[in-house]
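Residue numbers (my numbering), protein chains in the order written: chain A, 1 to 323; chain B, 1001 to 1323; chain C, 2001 to 2323.
These are computed hints drawn from the structure, not numbers from a lab. Remember, it's a predicted structure, so these values are computed and weren't measured experimentally. It is possible that part of the hints are untrue.
Simulated crosslink set (DSS-like; lysine-lysine; CA at most 30 angstroms straight-line) [as the list claims (entries may be wrong)]:
1) B/K1045 to A/K74
2) C/K2074 to B/K1074
3) B/K1258 to B/K1159
In silico contact screen, one side only, chain A against chain C (beta carbon under 7 angstroms); selected entries [as the list claims (entries may be wrong)]:
4) K45
5) P47
6) K74
7) I83
8) L294
9) I301
One-sided and incomplete, this derived list gives chain B residues near chain C with beta-carbon spacing under 7 angstroms [claimed, not checked]:
10) G1051
11) D1079
12) R1101
13) M1106
14) H1107
15) S1118
16) K1264
17) P1274
Virtual Cβ for every residue (Gly too), placed ideally from N, Cα, C.
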Amino acid sequence: MNLQIDDQGRLRHFLSVDGLNRDILVDILDAAESFAGVPEQTVKKVPLLRGKTIVNLFFEASTRTRTTFELAAKRLSADVLNININASSAVKGETLLDTLRNLEAMHCDMFVVRHADSGAAHFMAAHVQPHVAVINAGDGRHAHPTQAMLDMFTIRRQKGDFGPLCVAIVGDILHSRVARSQIQALNMLGAGEVRVVAPRTLLPLEVESLGVRAFTDLKQGIHDADVIMMLRLQRERMQGALLPSAHEYFYRYGLTEKRLSHAKDDAIVMHPGPINRGVEMDSQVADGPRSVILQQVSHGIAVRMAVMSMAMRSREAAAREAT
Amino acid sequence: MNLQIDDQGRLRHFLSVDGLNRDILVDILDAAESFAGVPEQTVKKVPLLRGKTIVNLFFEASTRTRTTFELAAKRLSADVLNININASSAVKGETLLDTLRNLEAMHCDMFVVRHADSGAAHFMAAHVQPHVAVINAGDGRHAHPTQAMLDMFTIRRQKGDFGPLCVAIVGDILHSRVARSQIQALNMLGAGEVRVVAPRTLLPLEVESLGVRAFTDLKQGIHDADVIMMLRLQRERMQGALLPSAHEYFYRYGLTEKRLSHAKDDAIVMHPGPINRGVEMDSQVADGPRSVILQQVSHGIAVRMAVMSMAMRSREAAAREAT
Amino acid sequence: MNLQIDDQGRLRHFLSVDGLNRDILVDILDAAESFAGVPEQTVKKVPLLRGKTIVNLFFEASTRTRTTFELAAKRLSADVLNININASSAVKGETLLDTLRNLEAMHCDMFVVRHADSGAAHFMAAHVQPHVAVINAGDGRHAHPTQAMLDMFTIRRQKGDFGPLCVAIVGDILHSRVARSQIQALNMLGAGEVRVVAPRTLLPLEVESLGVRAFTDLKQGIHDADVIMMLRLQRERMQGALLPSAHEYFYRYGLTEKRLSHAKDDAIVMHPGPINRGVEMDSQVADGPRSVILQQVSHGIAVRMAVMSMAMRSREAAAREAT
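For reference, chain A alone in the conformation it holds in the complex (with noise of 0.2 angstroms):
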């Protein structure tokens, strides 16, 4: 069973990219496409989800992730709850599945979970009743895949097809659950080459059995490439045992103007930010003409959006058959 599709082929749950299929990726992208010009109407509101109440239920913090959905939500006219679970009843011993079940007794309508635990949002989807729907906003390492959608958004936006590019990921892929979902994405929505770059020491084992060239060098790794997606290298890596330092991983795999010369001429930068500068790439690359890394942050508001409306539709819907 296929927690995310029902059996309408509708969007249900938004959990991963995997599991999804390109006729969804792509109705996403259509609908994301509606969304984008409302942050730029004098009243940037549409009554989608009027008196829909959406919780933010984030148990790792992340201010800024939790910020496109809060704002995605309200332009959505929902009402949204922010609920930080470290400060509140996670101390008191409530399983989250208790939490779950409180939160629907109240009658909320849709949950954006970021958690720490890969499948977290999975196991929500699981154990929610018919009318409630699940997005997730990041679950350990597993995935992040509103952050893949606003990155195949902006692609498609600035590249039209994906069949003819060459796309070019890199970074620590290892622990990346940006890198997981942006791979399946490229995948099922068809890009012609998709690789990752990394160090071997942060490279998956079998990696390419995830459908990519895996490069240890930079340069031959974005050679030709029409668009290069860096990651944001977490601090704690590089302290740690896999990295020599922040000054090394710059030498070696940050973004110079020079390097991006190897890429297509037309290559377009993209960070899912808060980028490090100086580590992931300098900032004549970061602020430079090839960058969209602004963009992408639009686009976050205008793919959150999307998501959360068609869920919501799908799961009204739903309810209305069920009766």
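Chains B and C: place on chain A using the hints.
Here is chains B and C on its own, set in the frame of chain A:
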């Protein structure tokens, strides 16, 4: 002078069950009935408190309780301000009264107060301006009246009339503001018999003067009961001298399917949440067919909407009459 | 180039009183007058900023100031995002500029900024896109202009014309961003005489160059004054070398009924709050008939509504003119 009821007999503040009367309690339950269906509508909002500002003034952290009040306020279309005082002006040495005066000057209309000191809500109600309403969201060991009223609402929905009912309250009666409010409400609404069940160390002296029968044996205490209201055992208590251990407590007072068989066949089991599974009751009971624990959570929203709108309406009427 | 006023003479950002002119200050006071009645309406909201997103970007915790801006924004029907930067991306090493760019990319319309560094709000205003407005909610020792304007509004409501007034500002002039903004506003609005009263250690060098008369004796300083504006004494200061003790401070500079008799009979007493009772003044004065401290709090909402709506209107007009 009765702080809670104005000279027209209307609910002015909601501070404790004590000091109210049967008619007002029934009014609250009836109003809650009218709100109970709101969350099931597609747009689950009513415009009753549109343009009003409600302040959740929490001097004691409680995400759970704060969330229910926030949802209730938003479904009444009010604007909500969450103020956690530990993290703010209390640090700067501002007194409770100055905090109050300042928020009043900002034209806030209602204070939902949670405080570690018994009497804090009464103190505020005694000092606010006539157009402002105060709702007690738990003060020290004194009262937690919205919890008691949502319990009454749940009982009435399940059992109808209070007259023939035998209700057993089980747990730390001595320290529980919930129990105190429940006993008052049950007696005021005319419940046939109210019992308390606890180890002798967790029973108040002369507990019978509250209008209850006291038991130290669980089986006897719940024998033929229609309603069993379990209290939450505070973890702090388990480490104190009053109680041997959580394990020992469960052994003597934990509710199991087997023990539940001593109550009436159609007895319901209640708990204010969050449950300590394996302490107050085992999961079979908590999630079993007799449990109405999640209904209590749902009803909590309706009851809080009822109390908020009744108090606000009476303050508006008073303001009109004053001019 | 004047960051605060656009080429049409409209308020673009509100960063400090310095750099504005008398006409704009009067415009703000007049606009505030039109908003002062809003909180007294049954539905205390106006739809002026509906669909706009206002970010409270607080790099320094201040529940009190954040609350007033949040209320002002909500009463203008805006969506409000509260971001406390200590607890978020600052930890991840994101720069102020990156934070700004990201929130702009999310189509936020206004930043209300509080920062420990003088000049932070100016820096942001110098770097935001043309359609975004910046409001300074206090930056280091530099300025707190909405506080100064609510003080001016309170004085105008109490005293009418500024021309004949003698105003004494009492307290830690040296470290106070409030005092700096007040002095500028009073001089710009043409107050007859502006005095500062403080121990010599808490007076800036060459303070007279700010356009004030300096006093170290309280009685002389408030002699025949129409308005006495007390400053809040920071507790940190009381433990430093500049000041002997809170007790000693009160002994020399604390306002009592007796000392107040040296001012004019109808003199008013102001304080930005929260008051240290028994340090800056005793409770008899704070709660007495001359005190307009709570009016200041009320007026704070109206003045912030005025500044927000003026800046937003000019940004919208600028956006229209640009296309």
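Hint check:
A threshold of 30 angstroms between alpha carbons decides the hint, and for B/K1045 with A/K74 the separation of about 15 angstroms falls inside it, so the pair holds. Straight-line distance between C-alpha atoms of C/K2074 and B/K1074 comes to about 13 angstroms, which keeps the hinted pair within the 30 angstroms bound. Proximity of B/K1258 to B/K1159 is assessed by CA-CA distance (about 23 angstroms); at most 30 angstroms being required, the pair is judged to hold. A hinted interface residue such as A/K45 counts as satisfied when its beta carbon comes closer than 7 angstroms to some beta carbon of chain C; here the least separation is about 5 angstroms, so the hint holds.
For A/P47, the shortest C-beta to C-beta distance to chain C is roughly 11 angstroms, which exceeds 7 angstroms, and the interface hint is violated. Here the hint on A/K74 is kept, as its CB sits about 5 angstroms from the closest CB of chain C, short of 7 angstroms. About 15 angstroms separates the beta-carbon of A/I83 from the nearest beta-carbon of chain C, more than 7 angstroms, and the hint is not met. The criterion of a C-beta within 7 angstroms of any C-beta in chain C is met by A/L294, whose closest approach is roughly 4 angstroms, and the hint holds.
A cut of 7 angstroms between beta carbons decides the hint on A/I301: the least distance to chain C is about 6 angstroms, and the hint holds. Given the 7 angstroms rule on beta carbons, the hint for B/G1051 holds: about 3 angstroms separates it from the nearest Cβ of chain C. Contact between B/D1079 and chain C, as hinted, is supported at the beta carbon level, the nearest pair being about 5 angstroms apart and thus within 7 angstroms. Because the closest C-beta pair between B/R1101 and chain C is about 6 angstroms apart, less than 7 angstroms, the hint holds.
For B/M1106, the shortest C-beta to C-beta distance to chain C is roughly 6 angstroms, which falls under 7 angstroms, so the interface hint holds. Interface restraint check: B/H1107 against chain C, minimum CB-CB distance 3 angstroms, threshold 7 angstroms, status holds. Checking B/S1118 against chain C by beta carbon gives a least distance of about 25 angstroms; that is not within 7 angstroms, so the hint is violated. Because the closest C-beta pair between B/K1264 and chain C is about 49 angstroms apart, greater than 7 angstroms, the hint is violated.
The interface hint given for B/P1274 is broken, as the beta carbon of that residue sits about 25 angstroms from the closest beta carbon of chain C, more than 7 angstroms.
Violated hints for the displayed structure, listed by number in ascending order: 5, 7, 15, 16, 17.
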